[in-house]
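Given chain A, work out where chain B should sit, using these hints.
Chains as they are written, first to last, in my numbering: chain A, 53 to 655; chain B, 13 to 87.
Derived from the structure by calculation, the hints contain no laboratory data. No incorrect hints appear here.
The calculated DSBU-like cross-link candidates involving lysine-lysine, where the alpha carbons are at most 35 Å apart (straight line), are:
| id | chain 1 | residue 1 | chain 2 | residue 2 |
| --- | --- | --- | --- | --- |
| 1 | A | LYS116 | B | LYS42 |
| 2 | B | LYS42 | A | LYS58 |
| 3 | B | LYS17 | A | LYS267 |
| 4 | A | LYS66 | B | LYS17 |
In silico contact screen, one side only, chain B against chain A (beta carbon under 8 Å); selected entries:
| id | residue |
| --- | --- |
| 5 | ASP25 |
| 6 | SER45 |
| 7 | LEU50 |
| 8 | GLU54 |
| 9 | THR65 |
| 10 | VAL68 |
Yeah, the Cβ is synthetic: ideal placement off N, Cα and C, and Gly gets one too.
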Amino acid sequence: MEDIQKTISRAEVKGLMDYIKLAGVVDRELALAKTPAANRIRIAVLSSFNLSGIREVLLVECVKEGIYPEIYVGEYNQYNQEILDANSGLYDFSPDLLILVTDTRTVAGESFFRPYSLSDVERKEWVKTVTSDLVGLVRKAKEGMKGRVLIHNFEVPTQSTLGILENRQEYGYVKAIQDLNSALAEIFRTDPRVFVLDYELFASKVGKDRIIDYKMYYLGDIRINPQVMPQLCLEYMRYVRPLLSRSKKCLVLDLDNVLWGGVVGEDGVEGISLGPTPEGRPFMELQKLVLSLYERGVILAVNSANNLEDVLEVFRKHPHMVLKEDNFAAMKINWENKVTNMREIAEELELGVDSFVFLDDSEVNRDMMRSELPEVLTVDLPRDPALYPKTLMNLDAFDTLRLTNEDLRRGEMYAEQRKRQEYRKTVSDIGEYLRSLGTVVTIEKANRFSIPRIAQLSQKTNQFNTTTRRYLEDDVSRMAASDTYDVFSVTVNDKFGDSGLTGVAIVEKSPDRWRVDSFLLSCRVLGRKVEDTVLAHIVGLAKKEGAKVLVGEFIPTKKNVPASGFYQSHGFSQVGKRDGVEVWERSLESAYEVPQYVKLVVR
Amino acid sequence: MDQAKEIVARVFDIPLRDVTDDLSRETFEKWTSLNHLLLVSELETELGIEFTTEEVLRIRNFGDIEQIVLSKSRR
Numbered sequence: 053m054e055d056i057q058k059t060i061s062r063a064e065v066k067g068l069m070d071y072i073k074l075a076g077v078v079d080r081e082l083a084l085a086k087t088p089a090a091n092r093i094r095i096a097v098l099s100s101f102n103l104s105g106i107r108e109v110l111l112v113e114c115v116k117e118g119i120y121p122e123i124y125v126g127e128y129n130q131y132n133q134e135i136l137d138a139n140s141g142l143y144d145f146s147p148d149l150l151i152l153v154t155d156t157r158t159v160a161g162e163s164f165f166r167p168y169s170l171s172d173v174e175r176k177e178w179v180k181t182v183t184s185d186l187v188g189l190v191r192k193a194k195e196g197m198k199g200r201v202l203i204h205n206f207e208v209p210t211q212s213t214l215g216i217l218e219n220r221q222e223y224g225y226v227k228a229i230q231d232l233n234s235a236l237a238e239i240f241r242t243d244p245r246v247f248v249l250d251y252e253l254f255a256s257k258v259g260k261d262r263i264i265d266y267k268m269y270y271l272g273d274i275r276i277n278p279q280v281m282p283q284l285c286l287e288y289m290r291y292v293r294p295l296l297s298r299s300k301k302c303l304v305l306d307l308d309n310v311l312w313g314g315v316v317g318e319d320g321v322e323g324i325s326l327g328p329t330p331e332g333r334p335f336m337e338l339q340k341l342v343l344s345l346y347e348r349g350v351i352l353a354v355n356s357a358n359n360l361e362d363v364l365e366v367f368r369k370h371p372h373m374v375l376k377e378d379n380f381a382a383m384k385i386n387w388e389n390k391v392t393n394m395r396e397i398a399e400e401l402e403l404g405v406d407s408f409v410f411l412d413d414s415e416v417n418r419d420m421m422r423s424e425l426p427e428v429l430t431v432d433l434p435r436d437p438a439l440y441p442k443t444l445m446n447l448d449a450f451d452t453l454r455l456t457n458e459d460l461r462r463g464e465m466y467a468e469q470r471k472r473q474e475y476r477k478t479v480s481d482i483g484e485y486l487r488s489l490g491t492v493v494t495i496e497k498a499n500r501f502s503i504p505r506i507a508q509l510s511q512k513t514n515q516f517n518t519t520t521r522r523y524l525e526d527d528v529s530r531m532a533a534s535d536t537y538d539v540f541s542v543t544v545n546d547k548f549g550d551s552g553l554t555g556v557a558i559v560e561k562s563p564d565r566w567r568v569d570s571f572l573l574s575c576r577v578l579g580r581k582v583e584d585t586v587l588a589h590i591v592g593l594a595k596k597e598g599a600k601v602l603v604g605e606f607i608p609t610k611k612n613v614p615a616s617g618f619y620q621s622h623g624f625s626q627v628g629k630r631d632g633v634e635v636w637e638r639s640l641e642s643a644y645e646v647p648q649y650v651k652l653v654v655r
Numbered sequence: 013m014d015q016a017k018e019i020v021a022r023v024f025d026i027p028l029r030d031v032t033d034d035l036s037r038e039t040f041e042k043w044t045s046l047n048h049l050l051l052v053s054e055l056e057t058e059l060g061i062e063f064t065t066e067e068v069l070r071i072r073n074f075g076d077i078e079q080i081v082l083s084k085s086r087r
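Bound-form chain A, shown alone (with noise of 0.2 Å):
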């Protein structure tokens, strides 16, 4: 499988009838492997016009980046029957994420000719009915499957009939079409399961002139120019990487020459160029786009070989550093090979390197870290340094499907994390290390503010997971608010900061015996003795209740070691196995006490 895709990447895809030829090679190749499960997405397009070829575009953009979908294409402009037809081919196919493409011409129709044939009050009432169609076709695919739907806003037109007076009009062609996208876009904002493509703003970035290709349309209704096919494909490869949890989390930078110019250990602080010159301002600039990243949850490291101490002067004394030591959550500046302090970094954050994006302006060692580790993404840095801040600005690699306040806070998270361990290694008694920490644990039932994060947290926990059962929004919301299940939050914070939401516990109860069905925490907040002060808490509840057994459930995978003791050490025996999962069983007559140092807050 590994060879379809490094033939895949090494190809040389220019038109989209490369494509062609290309998904026509991966075809027979994935008739005949297996492909992992994870790495598998049903993906369905309905299109109301003709949109050959993106079977093949999206197929090879997707093998490209080791996924490996199934994708249905809905017959053409059939996408109203496929998605009121309950029998259709589409719910048939039961995708993960439905793609509805439809375009301005398609709403307008007439309109988009003669947009004044309308009257103002009439495009008011067209912009309603337009929305609610859209809206209502939306909902029933989403009664119909249980993926995810995409769907694509409209293009605001560039000329009008009108002309200069377009804006003249109180409520003109172009305001409607601006008021149609306003609208799609409020309305599914908080909607997990519905996703807007502002095709409006890809539009733009590509050219409305060329996007659409005139002969090809008047030929075969084509409206989406051949040649850009391949790009608004990557636009949704954005949608498709989140939803394989395939999001990159962590930014991992070069030093000289990548956040400054020139070579600290040579030129020296004064020497190096950052600052408002025109060889330090892009430098400077692309700082401020790391800190902008930092400041939306992705997670800052350093891989520079360097020496220690002329680093830390220009970061303590440049006046026009922007990023500082405490934005960084691993620092790896040494004399070591930069693949070994991937690895490294990688360890002491407890993420996996693939999890990784890497920018250096060293094509040695961008080509070393790719020939090592292909897992890790490593950016192709132009040469000149003016094209850093727009090389960055176009990387789509962080973009998940939705942001929970831990997200927002990860960098900073992470950073504290290294703070925390700093000091670890500054005290030699583990108890003295615990309670100088003055860990909380609060413990909270799952609201309507936590059932997003600790769905996500379900989803994508695989370390000190008992089970990995995975559950969605909704299923977390049905546990909540049924009474014989209970869903538990945990929260952690310390000395060094708050390390937010990154523990969940699901219980179901029956009269007699309490069974832990899910139960994980973040891997950063291990070591703690959180996972005991959570344990104490439920044995606590559960022997009120008059329980008598609590029961624990284990599913080995091959990445929940961390979890595989837990119930051993805490007391529980195991009473059987049943379909790979262990059973363990723990007596509710003895207490378990809360440990020393750790504060438990129930709300």
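The following block gives chain B in isolation, referenced to the frame of chain A:
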């Protein structure tokens, strides 16, 4: 003209020698209506020329392509 021949061979994934003047839309099964449009798009991009809609509709075989491309490069 060799360049146009190469593009046609590449688009249909056939050997260069098979691209003859009488390679025809009618009889060559790979020459579907979608491939026809893609072929035009490739020729336009690679050769830096533009076909009119009428020309695209007129093409029946490779000979027609040759003739249209030639007429454009003369200009």
